[in-house]
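*Asks:* Could you slot chains B, C, D, E and F onto chain A? The hints should help.
Those protein sequence lines, which keep their order, are chains A, B, C, D, E and F. No gaps in the numbering here: position 136 of the first sequence is 136 in this note's numbering, and each next residue is one more. Residues are numbered in this note's numbering as their position in the second sequence, beginning at 1, plus a constant of 258. Residues are numbered in this note's numbering as their position in the third sequence, beginning at 1, plus a constant of 516. Residues are numbered in this note's numbering as their position in the fourth sequence, beginning at 1, plus a constant of 774. Residues are numbered in this note's numbering as their position in the fifth sequence, beginning at 1, plus a constant of 1032. Residues are numbered in this note's numbering as their position in the sixth sequence, beginning at 1, plus a constant of 1290.
Hints listed in this document are in silico derivations from the structure and should not be mistaken for laboratory results.
Which chain D residues face chain E? A few, computed with CB under 8 Å, are given here: (1) Gly803; (2) Ala877; (3) Gly968; (4) Met988; (5) Arg991; (6) Gly996; (7) Glu997.
Some chain F residues flagged as far from chain B (calculated, every beta-carbon gap over 12 Å): (8) Ala1316; (9) Asp1323; (10) Met1329; (11) Ala1332; (12) Ile1435; (13) Ala1474.
By construction, the Cβ of each residue, glycine as well, lies at the ideal position given by its N, Cα and C atoms.
6 protein chains.
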Amino acid sequence: MRIRVINPNTTRAMTDLIGRSARVVASPGVLVDAVQPTMGPASIESHYEEALAVPGILEQVALGEAEGVDGYVVACFGDPGLDAARELASGPVLGIAEAAMHAASLVARRFGIVTTLDRTRGRAHELVARYGFADACVEVRACEIPVLDLEHDPDVLARVVAESRAVVEQGAEAVVLGCAGMTALCRSVSDEVGVPVVDGVTAAVLLAQSLVAMGLRPSARGEYAPPPAKPMTGLLAGFEIMSATKHDAPFGVVRSPA
Amino acid sequence: MRIRVINPNTTRAMTDLIGRSARVVASPGVLVDAVQPTMGPASIESHYEEALAVPGILEQVALGEAEGVDGYVVACFGDPGLDAARELASGPVLGIAEAAMHAASLVARRFGIVTTLDRTRGRAHELVARYGFADACVEVRACEIPVLDLEHDPDVLARVVAESRAVVEQGAEAVVLGCAGMTALCRSVSDEVGVPVVDGVTAAVLLAQSLVAMGLRPSARGEYAPPPAKPMTGLLAGFEIMSATKHDAPFGVVRSPA
Amino acid sequence: MRIRVINPNTTRAMTDLIGRSARVVASPGVLVDAVQPTMGPASIESHYEEALAVPGILEQVALGEAEGVDGYVVACFGDPGLDAARELASGPVLGIAEAAMHAASLVARRFGIVTTLDRTRGRAHELVARYGFADACVEVRACEIPVLDLEHDPDVLARVVAESRAVVEQGAEAVVLGCAGMTALCRSVSDEVGVPVVDGVTAAVLLAQSLVAMGLRPSARGEYAPPPAKPMTGLLAGFEIMSATKHDAPFGVVRSPA
Amino acid sequence: MRIRVINPNTTRAMTDLIGRSARVVASPGVLVDAVQPTMGPASIESHYEEALAVPGILEQVALGEAEGVDGYVVACFGDPGLDAARELASGPVLGIAEAAMHAASLVARRFGIVTTLDRTRGRAHELVARYGFADACVEVRACEIPVLDLEHDPDVLARVVAESRAVVEQGAEAVVLGCAGMTALCRSVSDEVGVPVVDGVTAAVLLAQSLVAMGLRPSARGEYAPPPAKPMTGLLAGFEIMSATKHDAPFGVVRSPA
Amino acid sequence: MRIRVINPNTTRAMTDLIGRSARVVASPGVLVDAVQPTMGPASIESHYEEALAVPGILEQVALGEAEGVDGYVVACFGDPGLDAARELASGPVLGIAEAAMHAASLVARRFGIVTTLDRTRGRAHELVARYGFADACVEVRACEIPVLDLEHDPDVLARVVAESRAVVEQGAEAVVLGCAGMTALCRSVSDEVGVPVVDGVTAAVLLAQSLVAMGLRPSARGEYAPPPAKPMTGLLAGFEIMSATKHDAPFGVVRSPA
Amino acid sequence: MRIRVINPNTTRAMTDLIGRSARVVASPGVLVDAVQPTMGPASIESHYEEALAVPGILEQVALGEAEGVDGYVVACFGDPGLDAARELASGPVLGIAEAAMHAASLVARRFGIVTTLDRTRGRAHELVARYGFADACVEVRACEIPVLDLEHDPDVLARVVAESRAVVEQGAEAVVLGCAGMTALCRSVSDEVGVPVVDGVTAAVLLAQSLVAMGLRPSARGEYAPPPAKPMTGLLAGFEIMSATKHDAPFGVVRSPA
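Just chain A, with the same shape it has in the complex (with noise of 0.2 Å):
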């Protein structure tokens, strides 16, 4: 089975730190890869940064259909793309954020998250609400380090602990880490708060395997079904999709890369 992680950022070294989270985690037999795209900036941390990194994702996305990719993680706490990619893609996508979140239900009945930027508070609360977890995610917290700080900055453990601490002292049972960046942290953090601290690296890989071993991919019925074939022009004429055949598979579907 193989699994790829696609970094949407343009930033070798993080690609790199998320793939040796990635590799520790996947199941005997489960080949795990960090990709990251040809294009895009080189962090996120705004709507902007977000919605220009997506064509990189369907970018790597249609490549791993091209090679028999089986699943993906998009690891970016946003989750951008989520949705276009799932059009695309023959086996399951999977977005960081909603993978920790699902995981962290699993461990507790209300968690918190901890994110970088307090700009990005928005997008967060945005997922949590799309994916049912209102009720369950107490508190978003930033500690105010820019993504592409936190392998340097001395201080990146202390600041995440104490955030880590204040939504446990609203309620939180448990942790959710708010960047792919942060992945390195998880065991140190739930160290030091003393409850369970998830990163969503590893349970998107973790989820993307499991949802493989099951035959589950997105449906091919509706929304997810493969976008059609359709004129696209200019900068972005090489993502025009010649066309989209359905194979013999119990559910899912072929679809042509760009």
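*Replies:* Just chains B, C, D, E and F, lined up with the frame of chain A:
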């Protein structure tokens, strides 16, 4: 006052149609123009297409900022790129789904939506929930006519009327048209069905000019603050933000074009 | 186009204040007048007073119908009598709480409300829920200044600013002013707090003229159909409806004045 | 203990009917009387009529306070004026929609409502949401018989039974009767349909006497505090509150009659 | 009429205390007795204990059915076994959390809950949501006194008052006591805090007698139908249901005791 | 890694069936066994039976703790005793309803549930709401085949397919099988209906092994802390907890077996 209506697809006839509807309702002294991106899909009927329409929308907003546009309308019922556009624009940005639902809720407690293809109903439901209209929206129904056939298919009116009657039968007391391409049908459907029928294009233009008149812009505090300056590479390098400076207006900012 | 702003209390100075705010924002060609009932309370700060303000509001709508008014604004933040007024009026009727919340939700994902007395917060919460803004509204705070002191109390601006900052501290990215009597404070509060601040009087006037421009009226089907002719006795005998006739407009009806 | 049932309309036959139902269920030692206002509509089937019934309800509560009544029931399914009455009364005030929904939720997870005219369904939905029964209420159906015909129309039982069966078909396991005028049908409908059927008049009388027995009154802190003394003019001058004084009971207040 | 209050734990002093509170409020002609199971935990402060209290509750309901009891109260704030008891009983079954929340919502728009240990707050939140009071319940706070210390700890009143004041500070206008063992504190807390305070034991007894007076029982259609006859083995063999027969009452059934 | 699947009823054939399904999907290195209680009902189709299945589930968890089991699955669609089991276990505990709904929500925005008897729909709705899937779950339908007939009734596949098609017709894009006894039908139903079909047994096994792989256990802070030591008497005396000690793992505890 200048209001720009952005048709997010690349079909000229549809841009012209939308522009005509928009200009009919704008108040004296409000200049309305209608534009379309230089890139992206010919029409939007999937998440994939919606995602790939967003760069073109942002391109048009950035151009509008350079030209001093006061407010924007994104004229696709999926409200693509709305949050990103609000970060980029110094004036209000309205989606037509959002505008139509707000308007409908002011003349009827419960409304229904008649959209194009069944596969777009998922996105419509998502927007209904996000905007707070889950209790108000009785049902989303599809007339199963593709966007680009709306102008030519002789059955369009009959089918939109049939689906409109169906949502009224379910308890709706107003109908929202679920595609910018239905803008010219509004009065005819209302005459046939006997309830208020709301077209998002005109609703959004009027809401945009109203917000401008009130001096309201996307909040510069938190989520909708201007996107940070940051490297953007590859095919999308042209979207890099060089700097973002706040000016002395009471709220809102001047953002640099991409 | 004629828009009538109804101050639901009987205090002339407040009617004049509201009228001035309303006229500033109305588009060219829109005539705005401000009226007040011949009966009822001097100000509205309780459910009791709100209930007893409604007959006077309905009286003013009935008079407006006889005079050919196109749309109405009910200028009290409790939105008293809105549904009843919609049955009576052939054009749109807007409440200022409703209008302000809709406008705020278009420039910020989350807003807070600053109202007058603590005891009015329950009604504000009820309206927030009814209009679908439960997720969007962060908090309702009171500045504890009675309605009729708003024009005279020298501390008003300072206290509204303080409470506005408090809701921003809780995550609000815009502020809604919770009383028609605060209409003149809007710009000053925004200047001080640095986020969009929404005044319901101007928002409602602009939404009312927008709905008229779109040809939208309260749905004549179902809930907002004209009230049936029926005996009305005692002190309120003058409110008896003699007949209700639908005219030939595509939607809406001509209702007979009380 | 004295419980007063207020029929909010001015039709004597209905007041008598409601009074009979109320007295059947009251516990020994509980005195129940039924009154009607001196002003207002002959029946309530629109928001307009509901709004104009409220002054008469408040008049009857004020009279009841002067006479030492311990608790009140407002016997119209729109629960008109409930919040205002709670400010005025020193004892509990129950609406019949509220009481019936609470009772139904205690014997079935999901219930349906059978009301009179289709146009009243909007108000019923609003109350369902306000009282927290949105998940519990399967459907609101109308039998399309006007309130004042309920006593005379020979088809009433058959039509209420038919609509009751329809809500049971949709998953309801109990039925709420949506009009005080249906109070005498309760047992017959239950016999026919085979599920619990709840009449709001009897439910409200029993809840009111239960709250009195527990010493519970509307909270005097915040929203339901007595209305402030304030000028009231014109036709409604008689409703002016002269003073409001708290007495020494642990909660609740003595309010002055209008 | 016979109402049986079941203390779900095996502590005799608490059974006696609950019985005394229950008898004080019951109407003339209503016989109230208080019983406890022959099996299970000494008190209930965890899900584990709550689950193991349920067989004993069902045992007492089955005994009550054989003795002709008309209605039941389950006197633990976790409302353990409520749905199962409703299948078994031919009359109404009330939980004290349920009853207290319903009563509180009738005298205040928003209430708070003061419970025993922090670890029980999760269950309280779950019940708040299930019963539809998510908007009404401001907060659940714990006084951190174990159930069986409530009668002896000299600080109980002071700590319950302190937490009650804290929920009032958060906007609650009434307080719900979150444990049957607090039943005797109700009036004292109310005197201290100045808002209505609701004890679930008395609320449940009064609601149970009210439902009996209305002839309402758990719906025999669907979810609350009597449990099917079926083998039950091992330690729990005595709970086997031999047969279930419906009698001729309009709703409700005679169920055979375990 | 050891995962234990607990069939909460006492029917051996069903335990064997569930065990076979579970072992098929488990990853290499994951040992799965299937057990059943020594006490309780032969199958679970009512709240009464569900309540009486819980002691046997807790018995099996306590035994598992003594044997060093890493994670548990409770294989009944009512998810009985989940919270209590989480207090007792040092590793994750998954319900099959919970697991199936989470999995379905990852491959389709909206799903439907096909369960056994109509009377179990209430519990299914309750779980849907508790887990946050109220928006995602289109409908719960019953095929009206008792649990123990699922293996023998020749019409089972046809009836499950028919109900699955019915939920798809209502807008579901995936189907959740609402009983552990349907585990063997998953692929056949999917082949027939053409959408993803989710079996909770396999979903729960894979989620349990994923949580173990991530080092996640029920939070030891607050609600899921080990139950306190306390007397347990009568028939259930064997369930008494003697002591509970926290060990040095970053989260989770060693709990003493009953």
